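Visitor: Protein chains in written order, with this note's numbering: chain L, 1 to 117; chain H, 118 to 581.
By construction, these hints were calculated from the structure, which means they are not laboratory data. It should be emphasised that the depicted structure is a prediction, and the values quoted were computed from it without experimental measurement. Glycine included, each C-beta is placed from N, C-alpha and C at the ideal position. One or more hints might be untrue.
Selected chain L positions facing chain H (Cβ under 8 Å, derived; list incomplete) [stated by the list, open to error]:
no.	residue
1	S56
2	V63
3	K84
4	I88
5	E90
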Amino acid sequence: MIFHLDTTTPQPLGVVLLKKRIDSNNSSELQKAFTQWLQQTNNFVFDCAELDFIDSSGLGAIVSCLRKALEQHGDLKLAALGPKVAMIFELTKAKKLFSVFSDRSEAIQSFSTVSPK
Amino acid sequence: MKTLLVIREQESAWLLDQFPGIHPLLVPICNKPFIEFLVDFAILAGSEALRIVSDGGLRDVELYCANGSRWGVEISYGNINPADDTYTVIEKNRRFCLKERIMIISGFLFIRYDKKSDYTSLFASLQSGELLRCPHGSISLTGDAASVISPAGTLPFSLVALDSIGKYYELSMEILRSGLNKYVLPGYSSEADCYIGRNVIIPKSAEIQKPVIIGNNVQLLANTVIHANSVIGSNVIIDRDSVISGSIVMDNTYIGEHLEVENKIAAGNLLIDPESGSSIIMEDPHLLTAMTPSRVAGTLLRRVVHTFAATILILIQLLPWLLLRPIVGMQGKWKRKREPYYTALAGKNVTLTSTYIESNGSLSTLAKTLALDRFSLLFKVLSGELALIGNKPVRVNASIRLLPNRVAGYRPAVFSYAEAEDWPEFCIDTEIVEHYYAVHSNPMKDISMTQKAIFHRTYQNHCT
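This is chain H alone, in the form it adopts within the complex:
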């Protein structure tokens, strides 16, 4: 089976007004982008391919979902005209809709489902036609059923038309209160009704009540209280003595100190009352602020320091490289591979030439001890594509679900913090070490960490 997802811009325009800059399909519901719920349902229903068609832009959705290999489905994209009816949409996507059964999800709607239910055999046995309808859309099936069995009673899924900020809030609260175990939600859950993401700092004086969902890179300060039925997004700071109850704090939001956010949606410097639909833009940055990556000064200083240090390293390594590279190369111990790696910017990759030197001879061991395998990468520091020290670059891999450049602090580099701390290359704690320094390091500390990384390589090669 395949799924055709038909999204019309007009139906989701209200969401774009509320959360400008986020594509409506990527607006998080309980910290999970809306599109992921639809993809999950399509997979549960037995779909092997999903085509998203819209009369608006889908660029951000394409960047996020890519070809769907993260979910093990094939995702493609297409355009429609606002006036196209379902028949015309199918005609326009004839190649996709040929032969197999097609589930058509039309409209900006949320599907209530249960991940534990078996929808594959149900959908295989349902007769074609409209299955469910709500004011803003429907689910229908085309094609012949494998073996027609009328489902007993009502269908084990239902629709919610997402047409107002009130509905969005209600749906989030409904999932929090009674649907946490029905959907796959992001975060670590060691106990029921509690999902916590990565790099969440919770002081002893803070209080958290279930059910709750907290995203990645969240800092709660002293005496903060997160009451039940709250969703805290990623990259959020809740300042001291503030109380969040029954509210949604969207990604990249700072909540000031001594505040009480009750039954509201806070998104950057925007505070929304879902009940009345009214919203206010905060002009006081100490109350509510959007946290944009304002790292210009720090980034600039880091880049200057890294460039300077890389230049010195290049000058030091140049003569040994000129002498040893041809000899070790002729010995066949100098191996190179060009592969794409993720950069710190979402959607951008860099092609790097990684060098591997076999250290089974005196000259090749010397070359490795002098870190000549990193020589060519140092030029990438000068061009700003790599840092001198940071994270070990992650190779582009379509099966990675959480892209490294969506994690705060990811900075691909010539040397890694884990190397400096002498952690094994493939160890579960390596990522934690790198992430710690990525967040807590500074340009001057980077220099000493680079020295440590080079020292450890020298020491290891000397020992071997």
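One chain only, chain L, in its complex shape:
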């Protein structure tokens, strides 16, 4: 996981590059790290371009991150879901919970177009 703050948008945006796998071995790490990232911003883009696999605990961790972001009046959007990862999101209906974009820049751009609350 690589996190950086993007300041090109009206509000600072947390961009997280997820790598390889998110499963029961590392899903808790994501949740812990997300709690820290929340102190810097409440809007996030999870870039899944390099994510090869996700299991139910990884999915649970991402949904938990979304819930925390929404509680802070922010949002979490997904970008560049690979076909295998997309299948898991579709199968579990989790895709309906997220705004999904084809690539990272499109997801970042979407935060600029949304009028600030």
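Using the hints, position chain H against chain L.
Guide: Quick look at chain H alone, frame taken from chain L:
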């Protein structure tokens, strides 16, 4: 006419990658093994014999199709080299190809046909040569036509090259949408566009939309929705609140709860997107799981209980058997017959000595009342070849289309559940009773059912 089916391993290797463990010719299309479509077409075209030749293994196909008597055709098998051309294949199968007209189906291709059409006279009148060709194969004819009549317009069948998982999915959907009445498909169909197999449990809260095909031994749980254009294979469980739409769920698959399978192929723990061709192996057993017969613990306990009970029965019956067997035998009322029967394992048979005692005398009636006709079979329980109670063993019969050991729960036994429930031996409901207990019984219940079976025999013999 005869049909020569030439299958090259290379053409179907992609299917083996997608569904490992299933021979490509046995991969189901709308719950019907692919080979059966080819056999059906060969029969419709007037073939009396079919020879399947391949440069790969055909063992599983041989086990499934056997000698073809189920379809009333003679099926034989042969090997070819990957480099053999059609001419060489015919030369290598000269004995088969002699004299009669030969339809050569070459390649891993599906033939679109209509079971209502008359292909026999058409094929008898077609001139020899290549009839149809597609990128991965062709249909051609050798030999002279009986009376040459040029068919009006195009031929009433066409070819589909099966070369990708996308094509496989498209073909299944095409059959579902518009071809259900063109092919003989497995299952019970009381209304159009709906085929349902045996032992399918559908709760009131489940919703099923046509067209749909559901295989045998399927359990839908509460609030499941099967949308139109879905194929559900055999031995499948769809857990509660899950939705299947435009998808193929292959045999032996568990679909977890609250899931949505849309335009996908689920095969065991493998989920395939036919559009992109990508697939993912599920590591979470509560999402998708392959249902392997993991009955080891239950089977072991059942076997121990059955062996124990059979030993007690042998000890009880030993003295009466030693006393009555020679006397009743000398009276000519003790008749025996050795025949092969299907076991619970596909492809394996067991030879049993069935005993028939004529109960028209006091001693022979006593022998029958004490169930001495089953005495020799009890030893098969000790060797594990029979259960103490289960299904009435089915005699090996080449004309049986659905082999009993392909039906879940078939367990040939000394006593049958139908006997325990006092159902007539030859009654349409007998099979249902036996199947019910085969699925729902447990080792302890088996003991009480065995007691009931023996009691009913005693009671019946006492009454007669």
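Visitor: Each of the hints needs a verdict: does it hold here or not?
Guide: Evaluation of the provided hints:
no., hint, in the structure
1, S56, "5 Å, holds"
2, V63, "13 Å, violated"
3, K84, "4 Å, holds"
4, I88, "7 Å, holds"
5, E90, "7 Å, holds"
Of the hints listed earlier, the one the structure fails to meet is number 2.
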